[in-house]
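> Make a model of the complete structure from these sequences and hints.
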Amino acid sequence: MDVVGKVSGETLYIFLIGELDEHSAPRARRLADEAIDANAGCARAVFDLSGVRFMDSTGIGFLVGRYKRLRRYGIAAALQSVGIAADKVLSMSGVYALIPKL
Amino acid sequence: MNNRMTLELPSLSENGPFARDAVAAFCARLDPTLDELSDVKTAVSEAVTNCIVHAYPNAPGTVRIECAAGRGALHIRVIDYGRGIADVARALEPFYTTLEGEERSGMGFTIMQAFMTNFSVHSEEGKGTTVCMRKVFARGPAQEAPAAESEAGGSKRASMRQEAESRGHGSPAAESGAGSGAGDEKDAGAAGEPSSPTQTDAPRARAADARR
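Chains A and B supply the protein sequences, listed in that same order.
So for the first sequence, our numbering puts the first residue at 1; every next one is plus one.
So for the second sequence, our numbering puts the first residue at 1001; every next one is plus one.
Watch out, some of these pointers could steer you wrong.
What the hints assert, rightly or not - Computed list of lysine to any residue pairs in SDA-like fashion (alpha-carbon distance at most 20 Å, straight line):
no. : chain 1 : residue 1 : chain 2 : residue 2
1   : A       : K68       : B       : G1101
2   : B       : K1127     : B       : Y1081
3   : A       : K88       : B       : L1037
What the hints assert, rightly or not - Calculated Cβ distances over 10 Å to all of chain B for the following chain A residues:
no. : residue
4   : D2
5   : R29
6   : A38
7   : F54
8   : I99
Everything labelled a hint here was simulated from the structure, so no lab data went into it.
Fair warning: this is a prediction, and the values are worked out from it, not measured in the lab.
C-beta: ideal position from N, C-alpha, C; glycine also.
In structure tokens form, the structure reads like this:
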């Protein structure tokens, strides 16, 4: 899985590309955290899931973990372009209460 | 047409994608919808991840995946010979995890239950865990042989499938072995005919279903 951070205005967009599972999660966490740390002055972060081809419950832990990191910086978090399969997993977890969909 | 597959892999995280893709490829002949295929892949991924993370926390061990396809349904057993689960009922609770500090959601079993038509788990400490899952596909087999259709069993097969669908997801009556008929279970083979304690554990899974 690749994670790409792009800043537009005061928003950090974090694009997740590929399959998010037990195998890919460590790298995804590291890349996302690097993007967050490098852009700690942003007002909000948006996770873009349009490139996610597969995601299991690892994605819930990943997003909650990043949410906690963002909160330490006072950055609001949101999600966009969540596919049907990922949405099914995320809906069950209640993660949208922390990280709303745009 | 019935079909079977057995896959044995070491519990390495890099084998997770292969395991779920192999099961997805195996059930392609059952003509699953994209959503159904996604459900199966996700459930297998959760089961295999549990083996990697929980069953063999210190060194890789063997993960055995048994699949059987027949009569519009896929039966899967994911077996490990690892640490086992001390309290299965507790492990089935949503958000319960023994690894709080590792960004674990504790939703693995909940997702397996929700995404598959039937689900049960048997575990013994020090001996391992077996997860049994069944997915009924709405469209049934993709390439049923014309000869088979013309057989007397053809219409029976269709009606049985319809019956399974009408029970809906998670219905205890559709539990593997409880409502599909003896013939169906024979066809289901290794994965669908658990002579193992999984069947006796079915009420536990049903109780978990009721909590959802």
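> When you look at the beta carbon of A38 of chain A, is every beta carbon of chain B farther off than 10 Å?
Non-interface label on A38 of chain A holds, nearest chain B Cβ at 21 Å vs cutoff 10 Å.
> Per the stated criterion, does the least C-beta distance between F54 of chain A and chain B lie above 10 Å, as a non-interface residue requires?
F54 of chain A not clear of chain B: closest Cβ-Cβ about 7 Å, inside 10 Å.
> Sort out whether G1101 of chain B lies within 20 Å of K68 of chain A, counting only the CA atoms.
holds, 13 Å
> Regarding the assertion that I99 of chain A does not contact chain B, is the least Cβ-Cβ distance greater than 10 Å?
Label holds. Min Cβ-Cβ 13 Å, cutoff 10 Å.
> Far enough from chain B: is every CB of that chain over 10 Å from the CB of R29 of chain A?
violated, 7 Å
> Quickly compare the C-alpha distance for K1127 of chain B and Y1081 of chain B to 20 Å and report which way the hint goes.
holds, 5 Å
> Check the non-interface label on D2 of chain A: least C-beta distance to chain B beyond 10 Å or not.
Holds, because the least Cβ-Cβ distance between D2 of chain A and chain B comes to about 15 Å, which exceeds 10 Å.
> Could you grab the alpha-carbon distance between K88 of chain A and L1037 of chain B and see if it respects the 20 Å cut-off?
holds, 13 Å
Violated hints for the displayed structure, listed by number in ascending order: 5 and 7.
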